[in-house]
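Asks: Given next are the chains, with one letter for each unit.
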Amino acid sequence: MKVLVAVKRVVDAYVKIRVASDGSGVETANTKMSMNPFDEIALEAAIRLVESGQASEVIAVSIGPDAVQEQLRTALAMGAQRAIHIDASADLEPLTVAKTLQALCARETPDLVILGKQAIDDDSNQTGQMLGALQGWGQATSVSALEFTQGKAVATREIDGGLERLAVTLPGIISVDLRLNDPRHPKLPDIMKAKRAPIEALTLSDLGITANQRLEVLEVREPPTRTPGVRVDSVSELIEKLRNEAGVMP
Amino acid sequence: MSILIYAEHDAGQLSSATRSAITCAQALDGPIDMVVCASDCASVATEAAQIAGIRQVFTAQANHLATQPPEGVAWVLESLAANYDYVLAGATSHGKNIFPRLAARLDVQQISDISGVIDAQTFVRPIYAGNALATVRSHDAQRVITVRATAFEPIATGGGDASISPIEPGSDSALVEHLGMQLSGGEGPELTTADIVISGGRGVGSQENFALVKRVADRLSAAVGASRAAVDAGYITNDYQVGQTGKMVAPKLYLAVGISGAIQHMAGMRESQVIAAINTDPEAPIFEVADYGLVQDLMGALQELDGILAESPTPIGESA
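Residue numbers (our numbering), protein chains in the order written: chain A, 12 to 261; chain B, 3 to 322.
Calculated directly from the structure, the hints in this document are not laboratory data.
Incorrect hints may have been included.
Far from chain A, some chain B residues (derived; all Cβ distances over 12 Å) [to be verified]:
#1 M3
#2 D12
#3 Q28
#4 S45
#5 A51
#6 P72
#7 S114
#8 H141
#9 P156
#10 N211
#11 A224
Examples of chain A residues toward chain B, derived with CB under 10 Å [as the list claims (entries may be wrong)]:
#12 S45
#13 F49
#14 I131
#15 Q150
#16 L157
#17 G173
#18 P209
#19 E211
#20 P234
#21 T236
#22 P239
#23 N255
Derived lysine to aspartate or glutamate pairs resembling EDC-like cross-links, with alpha carbons at most 20 Å apart [to be verified]:
#24 K13(A) x E68(A)
#25 K204(A) x E68(A)
#26 K163(A) x D174(B)
#27 K254(B) x D134(A)
#28 K27(A) x D134(A)
#29 K254(B) x D171(A)
#30 K163(A) x E290(B)
#31 K254(B) x E68(A)
#32 K254(B) x E248(A)
#33 K27(A) x E179(B)
#34 K27(A) x E285(B)
#35 K254(B) x E290(B)
Glycine is no exception: its CB is placed at the ideal position from the N, C-alpha and C atoms.
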């Protein structure tokens, strides 16, 4: 089984983002960038499949400017067998990403594509489902447990208010949620080895993809700030305020 | 301009998020139709048809649509989409699961999780877990949109008399087999829809102490949440985690107990109507967003809270 995992370079989850004062977007210069945390979980799941003998190869792909090679080196250090960099601008829309992955699937013919359920920058939660539709494959999104039996991916999904279990015919799409695993930290020798490992290079035009913008970002601004409220002196005062002033406690 | 809304249902009832999507659609100014996909559409379709302002309700009834699978529902939506300028759903686990498939089939760049409508093609949506708001303009001819439920008041049933018409439900894609559901009933309300959420952080100190958080939550019919620090410390499992990589909540009351207020945590609860915080550290960042703050020893405060609520419990039939 050949597994494709897409990884996105995003502002690190622990960095407090800064909105550009001209409203043009979120500052990424001089900001710590990392692999999208959900993509790390996707990669960990794929690597474990190789380690347990269920998969033969994990291919990590990232689409973006040269800087995304940093995340591909992380992917190689974690245990991906191959890395592919598809050169593109940093702000591709999910539909373009899905079409690019579709074209890559035609070249690489993976049996399984594992993706993060969403990127923590634009929070779209679209790419996996879009790729599923473009490929005519079944999907299981927000997966928190995964096993393989009789050529199917048996996935537990996190849904509003509980869990759902599905058996997805392969080839298929899995998008992963937080609970699936704890991604490993690559070891130093593996990090050193990954620095010298080859990264295959492609461009969008190699894959016949044109990046066109359908959803124009007009402005990015800070959300309305909450102002600090009052300090209370006791639990009974807190309850009294919540019941009678705010009216939010029965 | 005409609008199609996916009538998501839950245990045979129209979901609250769908009702919020209808309120959002009213800002788009066009006739609103709805489509129900289920193995038995009758009760949900009747409920939808009775909402004021709905023109028509379509029903796609088939066994393979019982669990609202994305492959099957997207097929039904696609079969109707040519007649509409907008297709909307609540940004719930169903909406998020289904709509990108529809968007890709229509070759439309979906607009996820909108929290505001500026004009016919311009919308506001939170990015970076709500730490920034983007105003976006769609240049597609059709618009596929999911709606953030907490940003729009759900519309009530009543005053409507839409016609109900069956449509072709399609057939099972056979790509995915549904093996079962496990709903987290019995352990209090669901975290993302509860009116009150009580979350514990690292300050709670132990798994045993979390039982007290749960007891207080039970007394208020509240859901229990946790910070990542509490999850990492092993006090509680990560399905309770509120924050950027956990669950996003916006209850009427969010009570943070022993939570310092890391950025990732605040990203998941900042839209709560009222935030109250109890923490031993007067400098904790959580106090910068709390409407009510109490600096006190946590376990003492929780025991006191538990005691007061036990003495003056929720009056029957009354809720927050």
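Asks: If a hint holds in the structure, say so; if it does not, say that too.
Replies: The hints, checked one at a time:
{"no.": "1", "hint": "M3", "result": "holds, 18 Å"}
{"no.": "2", "hint": "D12", "result": "violated, 8 Å"}
{"no.": "3", "hint": "Q28", "result": "holds, 23 Å"}
{"no.": "4", "hint": "S45", "result": "holds, 19 Å"}
{"no.": "5", "hint": "A51", "result": "holds, 24 Å"}
{"no.": "6", "hint": "P72", "result": "violated, 6 Å"}
{"no.": "7", "hint": "S114", "result": "violated, 5 Å"}
{"no.": "8", "hint": "H141", "result": "violated, 5 Å"}
{"no.": "9", "hint": "P156", "result": "holds, 15 Å"}
{"no.": "10", "hint": "N211", "result": "holds, 16 Å"}
{"no.": "11", "hint": "A224", "result": "violated, 9 Å"}
{"no.": "12", "hint": "S45", "result": "violated, 12 Å"}
{"no.": "13", "hint": "F49", "result": "holds, 8 Å"}
{"no.": "14", "hint": "I131", "result": "holds, 6 Å"}
{"no.": "15", "hint": "Q150", "result": "holds, 6 Å"}
{"no.": "16", "hint": "L157", "result": "violated, 13 Å"}
{"no.": "17", "hint": "G173", "result": "holds, 4 Å"}
{"no.": "18", "hint": "P209", "result": "violated, 32 Å"}
{"no.": "19", "hint": "E211", "result": "violated, 26 Å"}
{"no.": "20", "hint": "P234", "result": "holds, 5 Å"}
{"no.": "21", "hint": "T236", "result": "holds, 8 Å"}
{"no.": "22", "hint": "P239", "result": "holds, 5 Å"}
{"no.": "23", "hint": "N255", "result": "violated, 12 Å"}
{"no.": "24", "hint": "K13(A) x E68(A)", "result": "holds, 5 Å"}
{"no.": "25", "hint": "K204(A) x E68(A)", "result": "holds, 18 Å"}
{"no.": "26", "hint": "K163(A) x D174(B)", "result": "holds, 17 Å"}
{"no.": "27", "hint": "K254(B) x D134(A)", "result": "violated, 24 Å"}
{"no.": "28", "hint": "K27(A) x D134(A)", "result": "holds, 16 Å"}
{"no.": "29", "hint": "K254(B) x D171(A)", "result": "holds, 18 Å"}
{"no.": "30", "hint": "K163(A) x E290(B)", "result": "violated, 49 Å"}
{"no.": "31", "hint": "K254(B) x E68(A)", "result": "violated, 48 Å"}
{"no.": "32", "hint": "K254(B) x E248(A)", "result": "holds, 19 Å"}
{"no.": "33", "hint": "K27(A) x E179(B)", "result": "violated, 42 Å"}
{"no.": "34", "hint": "K27(A) x E285(B)", "result": "holds, 18 Å"}
{"no.": "35", "hint": "K254(B) x E290(B)", "result": "holds, 18 Å"}
Consistency note: the structure conflicts with the earlier hints numbered 2, 6, 7, 8, 11, 12, 16, 18, 19, 23, 27, 30, 31, 33.
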